[in-house]
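Let's have the full structure, built from the sequences with the hints guiding it.
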Amino acid sequence: MGRYIVRRLLWVVVLLFLVSLITFIVFYAFPTADPAQLRAGRQPNPQLVEQIRHSLGLDKPWYVQYFRYMKALVLHFDFGRSYHYNVPVRKHILDAVAPTASLVVGAAVLWLVSGIAVGTISAVRRGKLIDRLSMGGALVAISAPVYWLGLVALYLFASDIGKVHIFPGAGSYTPITDDPVKWFTSLILPWIVLAASFAAFYARLLRGNLIETMSEDYIRTARAKGLRERRVVLRHGVRSAITPVVTAAGLDIGILLGGAILTEKVFNIPGVGMVAFDSIQNADLPIIQGTVLLGAFFIVIANLVVDVLYAFLDPRVRYA
Amino acid sequence: MALAAAAFIVFLVLTAVFAPLVVKLVGARPPNDPQSKYLDSFGAPTGPSSHNLFGVDPLGRDVFSRVIYGARVSLEVAIIATALSVALGVLVGLVAGYYRGWVDTVLSRLIDALLAFPILLLALGIGASCSLGNGCLGGLVQPGLSVVIFVIAFVNWTYIARIIRGQVLSLREKEFVEAARALGASNRRIIFREILPNLVAPIIVYSTLIIPTNVLFEAALSFLGVGVQPPNPSWGAMIADATDIFDTAWWYMVFPGAALLLTVLAFNLLGDGLQDALNPRAGKS
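Heads up: the sequence lines are chains A and B, in that order. If you count by this note's numbering, then the first sequence holds residues 1 to 320, one letter each, in order. If you count by this note's numbering, then the second sequence holds residues 321 to 605, one letter each, in order.
It should be emphasised that the hints constitute simulated quantities derived from the structure, not laboratory data. Please note that a few of the clues may not be correct.
[To be verified] Quick partial rundown of chain B residues pointing at chain A, CB under 10 Å, derived from the structure:
no.: 1; residue: L359
no.: 2; residue: L427
no.: 3; residue: L430
no.: 4; residue: D432
no.: 5; residue: L434
no.: 6; residue: F437
no.: 7; residue: A539
no.: 8; residue: G545
no.: 9; residue: G556
no.: 10; residue: M573
no.: 11; residue: P576
no.: 12; residue: L581
no.: 13; residue: L582
no.: 14; residue: D592
[Claimed, not checked] Non-contacting residues of chain A with respect to chain B, defined by C-beta distances greater than 10 Å in every case (computed):
no.: 15; residue: Q43
no.: 16; residue: V49
no.: 17; residue: V64
no.: 18; residue: Y69
no.: 19; residue: Y173
no.: 20; residue: T174
no.: 21; residue: D178
no.: 22; residue: D179
no.: 23; residue: W183
no.: 24; residue: A224
no.: 25; residue: R231
no.: 26; residue: K265
no.: 27; residue: P270
For each residue, glycine too, the CB sits at the ideal point set by N, CA and C.
Structure follows, in structure tokens:
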């Protein structure tokens, strides 16, 4: 197991290296705008633009630029400076991690709990009214675009513009260190909106798996032993049917930690997604590169965690 | 349910194809016809009425006909992007799975790297840069619809390639492949005449499952301002437009969103139905 994890971690490094190279080439080959021109202000004279181009190293070929970037990154963990804001990229992005993490972790708790509960009940009551209703609802939830759901939620429930004034509206995010209560209430709507489609997806996934599992021989054995139905379903059924849910959860959380762009935008939460979106608008390559690397990092780490978790959940899985 | 969904999709496709006719039959104005007489005295858009079934947008354009024309964009992008990504994914999957060895290693690692990307970010970046001036890849990808199609196809083919590769790895060991080889069939013939026909069922299922995702993807890109350029109507762009005024002009947000929801729902239902029909193990629900 130890060897396996080390080998995987080495692969993570190679993968991140590849991702950084691809990002660099993509944004070098398809520039959104000339960063030197952007930096030079409203009425750039050509001399100033040239000077900025030179001082940012933009007049060098791409591989020289890439080499310089990677050198600073590897040796000093330095992600460079933003072209647009002229601040260190590392701090700019790391400041945005807390809001994104608040959003994603809270939503993940919500969608796992509700998805597993609904999926289990639906599987046990298969074909009954409650199953049909919840699976119908789940399909609708999967099909709704998250930003639209967010707008509808704000229209109905936001305390400033909503029909019923219940929850704080967009732009009310407060850091947990400032005021934990406000932090919590400001995130209730975003959590529900972000969690909706995931909860629905997990409920469907678990239901399908659980129905298949419940027809296995060992479930009959468990019942024949005289175990209570509750224990048969939860300990023997759900325990084995839940592995794909764990995989999906790990990967989804990993992807979202790199920035939940749509939800953050609708609720105006200053997270990584907003930073990334903003940097693309500004052709701010150092920040784009930083957010892509951060996002890729979360994704590959999530992959690794999921694979390791598998070995604990399923005793048959052994890595060499 | 799947049949009702299929009927709805046929209806949707017909609506999209005959959009001008539909709009005329209902008696609505064309989608790009701003009329200030439908704005109130403060210049704000007015809601649903007998003149404008779904109300008007801030420029005084008819939301109903824009929603109808929006179906064109949505379906066009979803279907072409799905076809492209499936074609590329199947080709790469076939080659990697059939030849194995270093070809497989290179392709699989490339797929791993692409799957590690935050795809919405990548799509936004490529979309934003290709939407400027003469487009990108030497003018091959022009700003507008083709950018969205290119971006969606580019980020989606990897999933298909992975699945197909896995299937080909097991298919290539079957007796019928050996038999074909013994008869002197070329690799190309084995791949396309022997193996590919066995993959038709999974390809159909995955294609129908990707279409709704791609409809949502196009809308998300348009919502974020990358994608279909104004004044072309797109559901995502309309919702983005409505973000600033949805507290007063609810109709501008609700109708495009509802159209999007119904479309995606219909494709999801159809996909579920096809999966149950083509995969006996998953059925019985």
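Okay, the hints, checked on the actual structure:
| no. | hint | verdict |
| --- | --- | --- |
| 1 | L359 | violated (21 Å) |
| 2 | L427 | violated (13 Å) |
| 3 | L430 | holds (8 Å) |
| 4 | D432 | holds (6 Å) |
| 5 | L434 | holds (8 Å) |
| 6 | F437 | holds (6 Å) |
| 7 | A539 | holds (6 Å) |
| 8 | G545 | holds (8 Å) |
| 9 | G556 | holds (8 Å) |
| 10 | M573 | holds (5 Å) |
| 11 | P576 | holds (8 Å) |
| 12 | L581 | holds (5 Å) |
| 13 | L582 | holds (8 Å) |
| 14 | D592 | holds (8 Å) |
| 15 | Q43 | holds (21 Å) |
| 16 | V49 | holds (18 Å) |
| 17 | V64 | holds (21 Å) |
| 18 | Y69 | holds (16 Å) |
| 19 | Y173 | holds (17 Å) |
| 20 | T174 | holds (22 Å) |
| 21 | D178 | holds (27 Å) |
| 22 | D179 | holds (26 Å) |
| 23 | W183 | holds (24 Å) |
| 24 | A224 | holds (23 Å) |
| 25 | R231 | holds (25 Å) |
| 26 | K265 | violated (7 Å) |
| 27 | P270 | holds (17 Å) |
Of the numbered hints given earlier, the model fails hints 1, 2, 26; all others are met.
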